[in-house]
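Number of protein chains: 4
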Amino acid sequence: MGLTIGVDIGGTKIAAGVVDEEGSILETSKVSTPPTPEGVVDAIADAVRKVSTGHDVEAVGIGAAGYVDDKRATVLFAPNINWRHEALKDKVEQRVGLPVVVENDANAAAWGEYRFGAGAGHDDVVCITLGTGLGGGIIIGGKLHRGRFGVAAEFGHIRVVPDGLLCGCGSQGCWEQYASGRALVRYAKQRAAATPENAEILLGLGDGTAENIEGKHISDAARQGDPVAIDSFRELARWAGAGLADLASLFDPSAFIVGGGVSDEGDLVLEPIRKSFRRWLVGNQWRPHAQVLAAQLGGKAGLVGAADLARQG
Amino acid sequence: MGLTIGVDIGGTKIAAGVVDEEGSILETSKVSTPPTPEGVVDAIADAVRKVSTGHDVEAVGIGAAGYVDDKRATVLFAPNINWRHEALKDKVEQRVGLPVVVENDANAAAWGEYRFGAGAGHDDVVCITLGTGLGGGIIIGGKLHRGRFGVAAEFGHIRVVPDGLLCGCGSQGCWEQYASGRALVRYAKQRAAATPENAEILLGLGDGTAENIEGKHISDAARQGDPVAIDSFRELARWAGAGLADLASLFDPSAFIVGGGVSDEGDLVLEPIRKSFRRWLVGNQWRPHAQVLAAQLGGKAGLVGAADLARQG
Amino acid sequence: MGLTIGVDIGGTKIAAGVVDEEGSILETSKVSTPPTPEGVVDAIADAVRKVSTGHDVEAVGIGAAGYVDDKRATVLFAPNINWRHEALKDKVEQRVGLPVVVENDANAAAWGEYRFGAGAGHDDVVCITLGTGLGGGIIIGGKLHRGRFGVAAEFGHIRVVPDGLLCGCGSQGCWEQYASGRALVRYAKQRAAATPENAEILLGLGDGTAENIEGKHISDAARQGDPVAIDSFRELARWAGAGLADLASLFDPSAFIVGGGVSDEGDLVLEPIRKSFRRWLVGNQWRPHAQVLAAQLGGKAGLVGAADLARQG
Amino acid sequence: MGLTIGVDIGGTKIAAGVVDEEGSILETSKVSTPPTPEGVVDAIADAVRKVSTGHDVEAVGIGAAGYVDDKRATVLFAPNINWRHEALKDKVEQRVGLPVVVENDANAAAWGEYRFGAGAGHDDVVCITLGTGLGGGIIIGGKLHRGRFGVAAEFGHIRVVPDGLLCGCGSQGCWEQYASGRALVRYAKQRAAATPENAEILLGLGDGTAENIEGKHISDAARQGDPVAIDSFRELARWAGAGLADLASLFDPSAFIVGGGVSDEGDLVLEPIRKSFRRWLVGNQWRPHAQVLAAQLGGKAGLVGAADLARQG
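Protein sequences appear in the order of chains A, B, C and D.
Counting along the first sequence from 1, when you hit position 59 you're at 59 in this note's numbering, and nothing is skipped either side.
To get this note's numbering, take the position in the second sequence, counting from 1, and add 1000.
To get this note's numbering, take the position in the third sequence, counting from 1, and add 2000.
To get this note's numbering, take the position in the fourth sequence, counting from 1, and add 3000.
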């Protein structure tokens, strides 16, 4: 099979792109995400038609937040778009006249990294995506592990603190409340409010108040040596690394890939995650250690991965 | 291939048995577990020779506690026997003249249940063994998931309570400190000491002191309605079920199998585990639920599973 | 001194009452709580003038949520009304021409119970108020313990779960997030959403949805045997009793008094709190146990206590 | 009253000293702690007789680990010596012919610091003693707060981690498991085992193994910049400071005094404790902050405090 289209449905934008067999994007198109389920289907169809003009395209892969069923056809439940048992595959196929595969967005991103990014040379890979929340994907023996019902690798919602923070999923103490971009901002706000004398650089990058600290301030401040910003990254890494150690006990991959916006900071966040991972890895002197790698495809991983999954059929 | 031998190395006994293709045990032999690594190898060889007399045996599978490498040949580390990089496969092959496969004991038990026990009809199964500690095994797509380095499915040591109970592995807050036979006894002792008026039946089954409560007293007392015994099972189930919910988020199997000595109590422990599982399953109204099944092979699962893994080669 | 006035500033109502030396309320008046600090001062003055007509009143005691300074004059900080270093004593004295004492509302309620309610016969008493949040008051040797800066007995904000639930105070894991009326409702909602089959009575008392469960439904459902409602009270009691055990380790009073709206349910909530208290009381077989008593004055404790504190000068 | 004798009963030594009204020790005597309760009484009597020779002594104060009753006469329960309802006051009085007062050892030490050490100028003081375990004492309005039954200020056993580390008291998650000399050593051992590359100095001070690290190595290594040693102190301080913040919410003293062997390290441990205290102090921008002071009397605080309590009668 030659060219396929990958579609990445985000909270604000829907991106579509024509992708070749090497994972290169030949052409892309972006539209705003409509507020209704039907609008989203229309927007996907429009984007696919627009981007495919002039290309000989054979299939479409869609990455969507939420639970996707084991047939890769229906979104059972999506937290941000109002999808409940949405037959996305059928609806889009009817409009674009191409075979469609639907996949969880974090699974698609993991597949993209596995195939064309940081996963080169590994067959057993676990990816975590530290974005606003925490998503994940699992590759075992070169195959995406979807689970019996299609909803495996929901890493963000394993419980790491009993009776811990409330999560949007209705549970408490979920990993993504402690290891995600949102968590990083909370760490910085709490610390800056309690000890502003240690957050002068950080507070100076915004309006001077703890409550208006933003993610990009924290990275900048950390690079400039701000103690609260550095400590906030360390706290994030403490939780991220401890969770990876648990995943090593469960899956035993040869490599972890850490992606998502938070990981764009590179070693600022990767190095403390590696330290925390070694610290908490059970039996760490008796076993080979998985590598902890930075993702390489940035925000394109999901689109590229979805396109490649469509190619695989 | 016809008959194979399964060997189960326990803390006090080494059991060997001749197993046929249907998982039936034709003959068994037991010896005490010697205290030295070399002694254990000798004992295994003796048991294999003894039990194989008169049978046309083609291979040997050994289930051993600890980390077994990805070649299924060397025990990297065993907590109870003093094995460090023990080349068990080679040593036993030299003495018995048959091909040998070494496998983690909980993996072997999981495989046994998958093939000949509660796993019938399922291709994606996660097993937990609630014995003295907590072990696990994973079957994905009908294959045992060993991980890249052979040490996957070490469920007992994922962290469920940050800064929690010390574990023999050197870490803190490991799942097996909260969901295992040892945990059950601790729950009962603590509760009986604090509120003996609620533990009259339980205390009456032993010498009357909380510190000498044993596991079998707790089951008996629970069946007789002892509030502390019932509450102790409930506490165990609270942690076991919550952990299964996390495993569902990670692996998404079609069934969980709960084995080990604790699970011999049947619905006394299975029902509260199922309740806790549903309580903590993220998105439980939007997804198909895995079944939570009682193991069927009891203490023979490891031996039968090891024999079958040897047959598969 | 003869009659004094007690004022209780609540989130929705301000109540004033004339109280005699036996703690009896001779006359009361209620107004809505105005939205601005200045409006609240006016409303207090109006209520005091109104209720004092025809009575020979000698002083005014005001119970206010928030940190009250050690001179009992200034509210340093109030969470619900926008008070920051509000000189409440001076402002009210200027308008009503009577000596004024300001006290934290939970301290006032504790004093009321100590003097005229459940505290009879005890000199060392710790009170907790399980209302929307969790407040407290301490009497040591017959005197209210205010602390060096006036802000002692802020029980609701001791940390009982590291990395736990966010609290309005900016911290995490505060006791009032686990033991309060708000916590009770959260427990019921979470459990009813996860296992509606165990909440049929509870859901039937409202509109059938977990998210609209109210506190009064939970009490009614618990009395009718609803498993989720009973379990929700038990969870509340688990945290309340464990906290009382900690307070016993710290203060060692002869009695605890449990007040606030939640405690109106009497033994439905008091009995499980007592059990949990005994369960967690360190060294419980080697020491005398404090009693755990239900408050007797209901919602009037704060008003009566504030009036009595004004009398004491 | 002029001279009194203070007795400090430790796990290995019993120390007696003649103390004047200014808290100066005029003469001391030490003996080994006998293994039996009766032996301890004899040893106390011997030490008192020996040290009092040539001094006009009027009373004896004894500091003992454990629960001392409200009459300051009987040790209800001692964890290390086999005392159960031991009438220590009567037994010692009969042998030495002087009035005797028995006090909990941490209370005695707190009183010593309050009267003659770091407490100068404060009337409301909370002391914590970071020794092997964690003890405490409370002074309110210039008086020792003993509680209704004599067992107040058992700080070491408030629960700071639900389902946390086992404690010798039978409970779990007690503060002294996270903030004490024993905890410090555990932190260092765990970290050195997991990441020996960060503990080269620390490991070099002992025999090179993590399991044989001792407390004094950690201080020395921290001063030399060893990352694991510094991080271990920081972890201790994290828990100590968070606990002091809770005690501020409860007692609201004007000063905390931190004593015990761990505090001998001075600002190495005090500064991070102060930082953690400010970090966790609820409403820290709205309230006056208690000072966090280093104890001044070192290991003599208990003896001097016990002597002074005897003087007060």
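Fair warning: there could be bad hints in the mix.
[Claimed, not checked] Derived pair list, reagent style DSBU-like, types lysine-lysine, alpha-carbon separation capped at 35 angstroms:
(1) C/K2143 with D/K3013
(2) C/K2050 with C/K2030
(3) D/K3071 with D/K3030
(4) D/K3143 with D/K3071
(5) C/K2013 with C/K2071
(6) A/K50 with B/K1030
(7) B/K1091 with B/K1030
(8) A/K143 with B/K1030
(9) A/K71 with B/K1091
(10) D/K3143 with C/K2071
(11) D/K3275 with C/K2143
Don't read these hints as lab results, they were simulated from the structure.
All figures in this text were calculated on a predicted structure; none of them were measured in a lab.
Hint check results:
no., hint, in the structure
1, C/K2143 with D/K3013, "40 angstroms, violated"
2, C/K2050 with C/K2030, "10 angstroms, holds"
3, D/K3071 with D/K3030, "27 angstroms, holds"
4, D/K3143 with D/K3071, "16 angstroms, holds"
5, C/K2013 with C/K2071, "26 angstroms, holds"
6, A/K50 with B/K1030, "72 angstroms, violated"
7, B/K1091 with B/K1030, "20 angstroms, holds"
8, A/K143 with B/K1030, "42 angstroms, violated"
9, A/K71 with B/K1091, "47 angstroms, violated"
10, D/K3143 with C/K2071, "21 angstroms, holds"
11, D/K3275 with C/K2143, "33 angstroms, holds"
Checked against the numbered hints above, the structure breaks hints 1, 6, 8 and 9 and satisfies the rest.
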